[in-house]
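Just so you know, the protein sequences line up as chains A and B, in that order.
Here the first sequence stands for residues 0 to 482, numbered as in numbering that gives the first Met the number 0.
Here the second sequence stands for residues 0 to 482, numbered as in numbering that gives the first Met the number 0.
Hint data in this document are derived by calculation from the structure and do not stem from the laboratory.
Virtual Cβ for every residue (Gly too), placed ideally from N, Cα, C.
Any given hint might turn out to be false.
[As the list claims (entries may be wrong)] To give a feel for the contact side, a few chain B residues facing chain A, derived at Cβ under 7 angstroms: (1) P66; (2) W68; (3) H98; (4) Y124.
There are 2 protein chains.
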Amino acid sequence: MADNLGITVKKEKDFSEWYTQVIQKAELADIRYNVKGFLVFQPWSVLSMEKMYKYLEKVLQKKGHKPYWYPTLIPERNFKLESSHIAGFTPEVFWVTSHGDNQPIEEKLALRPTSETAFYQMFSYWIRSYRDLPFKTYQRAQVFRYETKATRPFLRSREFHWVETHCAHATKEDAMKQVYEDMNTTKEVLHDIYGLPFMFFERPEWDKFPGAERTFAADVLNPDGKVIQQPSTHLLKQSFAKAFNVTYKDKEEKDQFVWITCYGPAISRIFASVIIVHGDDKGLRFPWKIAPVEIVIAVIKPNEELLKKAEKIKEKFQEQDFSVEIDATERTFGEKCFFWELKGVPIRIELGEKELKENKLGLFRRDLSKREKVEEKDLVKEVKNIAQEFDKNLTEQADALFNNKISPAKDKKSLKAGIESGKIVKSEFCSVANEGRTCAEWIEKETQAFVRGTRLDETEKPKGNCIICEKKATALVYIARSY
Amino acid sequence: MADNLGITVKKEKDFSEWYTQVIQKAELADIRYNVKGFLVFQPWSVLSMEKMYKYLEKVLQKKGHKPYWYPTLIPERNFKLESSHIAGFTPEVFWVTSHGDNQPIEEKLALRPTSETAFYQMFSYWIRSYRDLPFKTYQRAQVFRYETKATRPFLRSREFHWVETHCAHATKEDAMKQVYEDMNTTKEVLHDIYGLPFMFFERPEWDKFPGAERTFAADVLNPDGKVIQQPSTHLLKQSFAKAFNVTYKDKEEKDQFVWITCYGPAISRIFASVIIVHGDDKGLRFPWKIAPVEIVIAVIKPNEELLKKAEKIKEKFQEQDFSVEIDATERTFGEKCFFWELKGVPIRIELGEKELKENKLGLFRRDLSKREKVEEKDLVKEVKNIAQEFDKNLTEQADALFNNKISPAKDKKSLKAGIESGKIVKSEFCSVANEGRTCAEWIEKETQAFVRGTRLDETEKPKGNCIICEKKATALVYIARSY
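Chain A with its partners taken away, still in its complex shape (with noise of 0.2 angstroms):
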């Protein structure tokens, strides 16, 4: 069914068609859907989005967190309870207004564009007293967004696939701890399951999600040049806690409001960023642990004996619980590796009347991209070694691509040229509060970049000047392209 041609552009030259085709050819997603800004996710997309969310969920509920399923639609009356949160959100609303044959229903419903405002109430009903706390809590959920920028699949659609968690604490302080669980939950699992390399901001005061006392986030860096922001935690203004009446009884009980985060990764989009990262110019190359097969067997010239052969090999693959696919189609043995490589299969085991006679596969590695004969008696135990070592490969290969992508700015004109060769630039800034939009917009004005913020995962004090408005310096932050 799919065009295997190949990938007809080098990633790093032309990455928008790369992606693109990637998309298309690897069958992971369709745009023929017929609601613009929505698309039908493909098996060789879902089954790896499958394994990421099974890997996040594990996490999060180790850490407490305990599953929820809210419902798809929230009552506008909620929504304009936090007066910010309306504001931020109300022009990417979808609304529910009618049903059957155009009746109206009882109040307009929204299409959850994120799930702040259905879970507050509820926490008001369940949380009394300060043995009640921290209450953490999360949902996987599609949540619903009306883009009015150009949607791409994966990266910005109308309808995303994501897990968010929401936690309430007795203090700021405990609310702040939260925070950075999340980011040490981002590491676990975008960086160590997924293989990819972030850095952890808190975002500048204009750049906070609608609601939010403070905002963080994890961007990750494209080959154009261009970060994405992937999971974002926010410390919430206590206004939600205060206009769905969230309290609990202190110790001396006494009733206090308690303090919220939230934290959003978008396993969709984070989907995009394995696609973007791990890529290269014949197409994915998927992290063993999140394959949607991990072995194919392709089958040269395929005749009886050899298929027999082909589904002893799979058992005994499947006995180990490898997950393993039979490739016997028509298709030529070169036609096989293009279209497997594409679509980023870590091993692929080569069989046919040579190998068969002399007892020895072939064995492709997508990692490395390298090929070796095996004996068959060998094979389980090779593939193993390489499933211990693939994701290590792919994510120290990440990682050293990330790492030199950072640059540092001493002034307007390095500031330039970093950014123009598609890097994130790092730099002395006059301030994060409102004093340095000023100075922010002038970036963004001058190289569509934007002051991503500070980082959380590592302490660094600024020395020097902002490299804008040459006042002193109180924050180091990084600034980039973004999607």
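Please arrange chain B on chain A, whose structure you already have, making use of the hints.
Below, chain B alone, put in the same frame as chain A:
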């Protein structure tokens, strides 16, 4: 947080109240969410339903179904393409008509009540040749129906969580094979994993899915004598293939329309049957495989030493992949027993000063409601033994009850008596084609029961006459009240 007083009514005596109390007191779902017919699923149900999904999806994937994620929204024009489908579903559809600040959207969009009209337009892009068939897909999703009947948590809500499979076949015969496969899936998952007895019927002509040529469904029985329709599977009319132009080239290169089947196990509704079928007067009883937590360690008068011991025991079990919780709350031991039996945890381990001294712990199993003393060193072994037979015990108990509830009727009187005593009544019947409708309506009027159909899982031939109109019977049907 929970009201721990236990269930105050008997399941058999006041089933409806029993059901309401279990859901609230075991913290399965909260009905206080402020949109009518929508509810919040709490961790204790979500953890179980996630396991239910896992088993179901594993079986589907093993049988060759590939996972997709389709958009939640379906444009109105898709609905209009198949006339019986739009007639059947329109009354239940929620419509998205605007975005942002009351701005109309380009086209009315339905919150999917089911996804035939989303899937099949994509099938037309993907299916080319007989080699692509059968084309077997599924998605895990929520669906939305503006129910006008009274809603009840899990049983009937306006949003529910399900799996829908959609398959395209070359011939009608192949499609019918799929129906049988779906029936077997229902057995393998609903009965063999979730422990739910059911009968699998072909529905009478007048009770078919909108757009189906034939409709089949599993019925599960409640203690109040009403059946719940669980997964249904449909052999659709070719009108769907024609409406969306889903064709394939056969071996002679001739264009043919496909035959489509779909199958819809609603996890959140099947969960209702799990509650109802396995529960007892004390509350829930989870089958081991789908228990949110398998083991609770109830610490009697907790102190530091006991908690340390409890942690050690927990770790031992976790090493063997059991899920364990420690109850070290201030509740009395009696309250803890009450609470965890209500919650339906399969195993409770009891640990207090006495147990510590004697090195023998209390071990309570929920399947047989039995308590024994077990030496600490034998604990894991003993729990493993119980885990082995736990689900078999629950399933056998459920099967025995179910089989006892099938009652043959030879005339109108015994039909009425059977229905009144809460049974599924088996009877000779004139016809499940439209000719039989009058008799079915008589039954509905006189007994508030419905002709559920003829068995697909057993071949049963009629010998006598219809017990209503006394014409020669052409079918053996089952009659029951229903939700």
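Evaluated hints:
1. P66: This hint holds: P66/B lies near chain A, its Cβ roughly 4 angstroms from the closest one there, short of 7 angstroms.
2. W68: Holds, because the Cβ-Cβ distance from W68/B to chain A comes to roughly 4 angstroms (cut-off 7 angstroms).
3. H98: Hint holds; H98/B Cβ to chain A Cβ min 4 angstroms, cut 7 angstroms.
4. Y124: This interface hint holds because 6 angstroms falls under the 7 angstroms limit.
In terms of the numbered hints stated before, the structure departs from none.
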